[in-house]
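Residue numbers (the numbering used here), protein chains in the order written: chain A, 7 to 158; chain B, 40 to 156.
No wet-lab data here; the hints were simulated from the structure.
Any given hint could turn out to be false.
Stated by the list, open to error - Capping the alpha-carbon separation at 25 Å, the derived lysine-lysine pairs in DSS-like fashion look like this: (1) B:K68 x A:K55; (2) A:K25 x A:K95; (3) A:K51 x B:K150.
To be verified - Okay, the calculated beta carbon distance ranges per label pair: (4) B:T87 x A:K95: 37 to 47 Å; (5) A:P86 x B:D134: 18 to 28 Å; (6) A:K25 x B:K51: 46 to 56 Å; (7) B:G131 x A:E13: 23 to 33 Å; (8) B:K94 x A:K21: 13 to 23 Å; (9) A:V100 x B:A145: 49 to 59 Å; (10) A:V149 x B:D134: 27 to 37 Å; (11) A:G65 x B:P44: 34 to 44 Å; (12) B:R114 x A:D50: 19 to 29 Å; (13) B:L140 x A:R31: 26 to 36 Å; (14) B:K86 x A:D14: 49 to 59 Å; (15) B:L151 x A:S83: 19 to 29 Å; (16) B:G131 x A:E34: 47 to 57 Å.
Here a beta-carbon is modelled for each residue, glycine too, at the ideal position from N, C-alpha and C.
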Amino acid sequence: MSERNVEDVIGDYVKRTRKVLPKGREAEDLLDDLRNHILDSLADKSEQKPGVSQLELVGEVLKELGDPEDIAREFESTHPEEPATRRRKTIRLVARLVFAIAVVIVAAAVVSSVPLGQQEEPSVDFFTAFIVLMVFAVAEWYVRAWQTRSVD
Amino acid sequence: MRNDPSFEEGWKIEMRRGLLEYAVLAIVKRHQEGIHGYGIARELEEKTDGLLEVKEGTLYPILHRLREDRLLNVRAERSDTGPSRKVYVLTGEGDRVYRELSFMLARMYEKLEALSR
Chain A
7 MSERNVEDVI GDYVKRTRKV LPKGREAEDL LDDLRNHILD SLADKSEQKP
57 GVSQLELVGE VLKELGDPED IAREFESTHP EEPATRRRKT IRLVARLVFA
107 IAVVIVAAAV VSSVPLGQQE EPSVDFFTAF IVLMVFAVAE WYVRAWQTRS
157 VD
Chain B
40 MRNDPSFEEG WKIEMRRGLL EYAVLAIVKR HQEGIHGYGI ARELEEKTDG
90 LLEVKEGTLY PILHRLREDR LLNVRAERSD TGPSRKVYVL TGEGDRVYRE
140 LSFMLARMYE KLEALSR
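If we strip away everything but chain B, and leave its shape as in the complex, we get:
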C-alpha cells in the first residue's frame, strides 16, 4: 500500500525548499565576514525553532546549487577539528536576489493576508 503524505505534508514539502534557499541567503547576508555550513545549519535550527524541519545533510546540496548559481562565494578556512572548511559569503548577485525575494515574499504575505480577511 502506498504511504502518500497528507495534503498539508505535501504542501509543506513544496514550500520548504524555496523558503530554505531564501533562509540560507538571509543567514549568509547577516554574516558579512562569512559563515561555514555547520554555522548555517545551527542558525537555521535556532532562529526558526526547527520550523523548516531541515535534515542538516540536505543543506549542502542547496549550498552547492546556490554557489553554482553564483549567489554564494566560498573561501577556505583552517579548522581546529579537521581539514580546512568552506566559508560562504554572499555575492553581489546573491544580495540582489535576496532583496528581490524579500520584497516578493512581503508582497505575497500581504496579499494572502488580505485574501483571508
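Excised from the complex, chain A in its bound form:
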C-alpha cells in the first residue's frame, strides 16, 4: 500500500475527530497533538515491526488512540462549557429565529398585497404566503446546519 493511503487514513481520522469536537482554537490545538502522536507512534511501530505494512501499522495506531467520540467525550468533560458562553449561544439562536420570522412576515405581507397581472386581487393570501415562506426558511436552516456539519 502506498504512503498516500496512510496519509488519507490519518486525514480521515483527524476530520472525523474535528467533526465531533466543539469548534475553536483549543480543539485545533488538540488535533495538532493527535496528528503528532500518530506520526510518532507510526515511526516507533515501523522501527519495531519493519516487515509490516504502513497501512496496517496506522490501523494499530488509530486503534490505540481510540474513537474520535471517546476523545470528544473526554474533551467535553475536561472543558465544561462556561454558563456565559451557553447564554451567549442561546441569545444568538433566539435573535436569529426572531429575525427569520420577521423577514418571513414582511415577505408574506409584500407577496400577499401585490396583484398578479391584470387581476385586482393578490394571487395569494397572507396566511398561505407566510406558511410557504416559513417552510422555505426552515428548510434553508436545516440545509445550512447540515452543510456546516459536513464542512471538512
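Starting from the known structure of chain A, fit chain B onto it as the hints suggest.
Here is chain B on its own, set in the frame of chain A:
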C-alpha cells in the same frame, strides 16, 4: 435495551480519571527535562501494565486541562517525524499539587487498608 456498565465497571471509570491526572503529573515530574505526549502515553502503558486502560487519544484533553490549570507548562520542540511538537514540564504549582496528592493517596490507602483488616 440499555447496556449499563456493571457496578465495578462504573466505579473503575470514576476512579480512573482522577488517577490518570495523578499518573500524568507523576510521569512529567520524573522527566525534568520535559516529555512529549506520545512519551507520556508509552510510559503510562508500560509502567502500569495497562491497568488504567487509557485510550491514548483521551490523554490529550487531560494534558490540555492540566496546562490550563497551570500544573504543566509547554515548550515547542522540533520533531524528526513532522511538525514541531509540545514538550510538557511540571510547573512549581504542579509539583506542589503532585506532592499534596501523593500524601493524600498514601493516607487514603493506609486508612482503607485498615478498614479491610
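Results of checking the hints against the structure:
1. For a cut-off of 25 Å, the pair hint linking K68 of chain B to K55 of chain A is broken: about 31 Å separates their Cα positions.
2. The suggested pairing of K25 of chain A with K95 of chain A holds, with an alpha-carbon distance near 19 Å, which does not exceed 25 Å.
3. A threshold of 25 Å between alpha carbons decides the hint, and for K51 of chain A with K150 of chain B the separation of about 43 Å lies outside it, so the pair is violated.
4. Here the CB-CB span from T87 of chain B to K95 of chain A is close to 39 Å, well matched to the stated 37 to 47 Å.
5. Range check, P86 of chain A to D134 of chain B: about 26 Å between beta-carbon atoms, so the 18 to 28 Å window is met.
6. Here the CB-CB span from K25 of chain A to K51 of chain B is close to 29 Å, at odds with the stated 46 to 56 Å.
7. A C-beta distance of roughly 41 Å is found between G131 of chain B and E13 of chain A, which places it outside the suggested range of 23 to 33 Å.
8. Take K94 of chain B and K21 of chain A: their Cβ atoms lie about 19 Å apart, and the range 13 to 23 Å holds.
9. In this structure, V100 of chain A and A145 of chain B meet the distance hint of 49 to 59 Å, their C-beta atoms being roughly 52 Å apart.
10. For the pair V149 of chain A and D134 of chain B, the beta carbons lie near 53 Å from each other, so the given range of 27 to 37 Å is not met.
11. The beta-carbon spacing between G65 of chain A and P44 of chain B, approximately 27 Å, falls outside the hinted interval of 34 to 44 Å.
12. Evaluation of the 19 to 29 Å hint for R114 of chain B and D50 of chain A yields a pass: the beta carbon distance comes to about 22 Å.
13. Range check, L140 of chain B to R31 of chain A: Cβ separation about 29 Å, and the 26 to 36 Å hint holds.
14. Take K86 of chain B and D14 of chain A: their Cβ atoms lie about 34 Å apart, and the range 49 to 59 Å is violated.
15. Range check, L151 of chain B to S83 of chain A: Cβ separation about 26 Å, and the 19 to 29 Å hint holds.
16. Between G131 of chain B and E34 of chain A the beta carbons are some 29 Å apart, a value that contradicts the proposed interval 47 to 57 Å.
Checked against the numbered hints above, the structure violates hints 1, 3, 6, 7, 10, 11, 14 and 16; every other hint is satisfied.
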